[in-house]
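Enquirer: Okay, here's what each chain looks like letter by letter:
There are 2 protein chains.
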Amino acid sequence: MDGQPIERGQRLSRAAAQRLSLYLRCVAGWPTDGDKMVPSRRIADAVGVSDAQVRRDLAALGHLGQRGIGYDAKELAAAIRTALGIDRGWRAVLVGAGNLGRALLKYQGFRAQGFDIVALFDCDAAKVGQEVAGLKVEAASTIAARVTELNAELGVLTVPAEAAHAVAAALTEAGVRGILNFAPVVLKLPKQVRLVTVDLAIQLEQLAFRVQHGDDDDE
Amino acid sequence: MDGQPIERGQRLSRAAAQRLSLYLRCVAGWPTDGDKMVPSRRIADAVGVSDAQVRRDLAALGHLGQRGIGYDAKELAAAIRTALGIDRGWRAVLVGAGNLGRALLKYQGFRAQGFDIVALFDCDAAKVGQEVAGLKVEAASTIAARVTELNAELGVLTVPAEAAHAVAAALTEAGVRGILNFAPVVLKLPKQVRLVTVDLAIQLEQLAFRVQHGDDDDE
Numbered sequence: 001m002d003g004q005p006i007e008r009g010q011r012l013s014r015a016a017a018q019r020l021s022l023y024l025r026c027v028a029g030w031p032t033d034g035d036k037m038v039p040s041r042r043i044a045d046a047v048g049v050s051d052a053q054v055r056r057d058l059a060a061l062g063h064l065g066q067r068g069i070g071y072d073a074k075e076l077a078a079a080i081r082t083a084l085g086i087d088r089g090w091r092a093v094l095v096g097a098g099n100l101g102r103a104l105l106k107y108q109g110f111r112a113q114g115f116d117i118v119a120l121f122d123c124d125a126a127k128v129g130q131e132v133a134g135l136k137v138e139a140a141s142t143i144a145a146r147v148t149e150l151n152a153e154l155g156v157l158t159v160p161a162e163a164a165h166a167v168a169a170a171l172t173e174a175g176v177r178g179i180l181n182f183a184p185v186v187l188k189l190p191k192q193v194r195l196v197t198v199d200l201a202i203q204l205e206q207l208a209f210r211v212q213h214g215d216d217d218d219e
Numbered sequence: 001m002d003g004q005p006i007e008r009g010q011r012l013s014r015a016a017a018q019r020l021s022l023y024l025r026c027v028a029g030w031p032t033d034g035d036k037m038v039p040s041r042r043i044a045d046a047v048g049v050s051d052a053q054v055r056r057d058l059a060a061l062g063h064l065g066q067r068g069i070g071y072d073a074k075e076l077a078a079a080i081r082t083a084l085g086i087d088r089g090w091r092a093v094l095v096g097a098g099n100l101g102r103a104l105l106k107y108q109g110f111r112a113q114g115f116d117i118v119a120l121f122d123c124d125a126a127k128v129g130q131e132v133a134g135l136k137v138e139a140a141s142t143i144a145a146r147v148t149e150l151n152a153e154l155g156v157l158t159v160p161a162e163a164a165h166a167v168a169a170a171l172t173e174a175g176v177r178g179i180l181n182f183a184p185v186v187l188k189l190p191k192q193v194r195l196v197t198v199d200l201a202i203q204l205e206q207l208a209f210r211v212q213h214g215d216d217d218d219e
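Here the protein sequences come in this chain order: A and B. Taken in order, the first sequence gives residues 1 to 219; the numbers are from this note's numbering. Taken in order, the second sequence gives residues 1 to 219; the numbers are from this note's numbering.
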């Protein structure tokens with residue numbers, strides 16, 4: 001539990017950032033009785049990585065925890081949020097009011113983690129004006145104006161593959177800084193716009209790969 | 001484009017397997033004029049990794065491609081499918097007939113990649129009997145019997161967090177070999193059952209992290 005504190009902005013690898021997200025999910029989900037300490041072993045077991053890995057990852061966040069005792073759950077959650085950049089709220093817009101878009105809007109986890117979906121767009125005029133989870137569907141043609149007005153930084157794409165490039169271009173044009181893409185296409189974005197793609201068929205392929213080949217890496 | 005062919009069953013890293021999925025998505029999506037050759041540079045550009053990385057990954061699949069010319073698109077797609085274990089069909093069941101489950105059922109990508117969702121279950125008696133994308137919703141209590149009957153190997157979980165553990169246990173009991181989990185919980189499964197978890201809030205966290213810290217790794 002030693003180590004130099006990571007500076008805000010210092011590089012954390014993607015793999016480390018993903019593990020931190022998982023640690024946070026565990027720690028934040030456990031009941032705490034006031035100042036309860038969490039041993040690294042408990043986090044390691046829950047996430048399925050080695051104890052040493054957890055201690056290494058958390059050491060990079062600064063002087064957290066007490067040797068032989070563990071980490072203060074609240075302090076740990078706060079340190080992880082800071083390292084990931086989610087110690088503040090993020091405003092996002094969602095494009096695509098189909099089943100997937102509706103599922104994401106109703107998904108409680110986003111708001112709990114500080115993500116606020118502030119507008120919903122669709123390319124289909126027939127859907128415009130419908131209400132979904134408290135948001136009115138707006139026309140995709142208004143994306144540029146509304147993203148600026150709402151000061152949204154992130155865009156979530158749940159449109160069909162054939163619409164994805166045009167909508168991503170509109171979001172980029174509108175000034176979003178990051179896009180979470182669920183369409184099964186490889187988007188090319190300007191360097192200043194970050195991209196995370198969740199290709200659902202690829203997730204199933206990866207599962208098949210692990211079943212087929214008996215992969216037993218740490219999850 | 002040299003290298004020893006990878007034996008079926010030989011270990012491929014998870015990262016390499018994910019890149020192969022992306023290469024496949026690109027190559028399979030491009031129009032081919034008969035025996036058109038695809039240069040590694042074109043794949044590299046589309047996926048956003050280095051040319052050398054593509055060549056290294058593909059060299060591991062055996063003697064594919066011709067130096068200075070490229071890869072035969074069809075042969076390449078077949079080799080990647082074999083390496084990933086998706087050169088055969090996979091039968092899956094889906095549990096959770098909410099918006100996310102419906103989105104996945106209607107998603108064409110699964111069938112195109114050889115994944116056949118053969119049954120749909122829900123814990124809510126009110127949904128049992130409804131038809132979604134050609135499947136009738138069945139009671140979750142029948143999972144064990146139906147998975148065996150249908151010879152399904154994979155389970156897809158789109159139930160709320162609080163139901164996830166029980167449903168995962170039922171699927172495991174029923175003998176599935178892998179679970180694709182969308183519930184925001186960390187599941188613990190017996191060693192012989194593979195798990196891929198897609199936590200949608202984690203994907204947004206990772207996007208926020210990349211925006212915040214200006215991450216510019218290869219996507």
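I should point out that these hints are in silico values taken from the structure, not numbers from a laboratory. The structure displayed is predicted, hence computed values, not measured ones. There may be inaccurate statements among the hints.
[Unchecked claim] To list a few chain B residues with every Cβ distance to chain A over 10 Å, as calculated: (1) Ile69; (2) Glu205; (3) His213.
[To be verified] Per the computed footprint, the stretches of chain B lying under chain A, defined by three or more beta-carbons under 8 Å from a beta-carbon of chain A, are: (4) 92-99; (5) 166-180.
All C-beta atoms, glycine included, are put in the ideal place defined by N, C-alpha and C.
Enquirer: Work down the list of hints and note, for each, if the structure agrees.
Expert: Structure-based check of each hint:
1. Ile69: Non-interface label on B:Ile69 holds, nearest chain A Cβ at 23 Å vs cutoff 10 Å.
2. Glu205: With a cut-off of 10 Å, B:Glu205 comes too close to chain A, as the shortest Cβ separation is near 5 Å.
3. His213: violated, 6 Å
4. 92-99: holds (count 3)
5. 166-180: holds (count 4)
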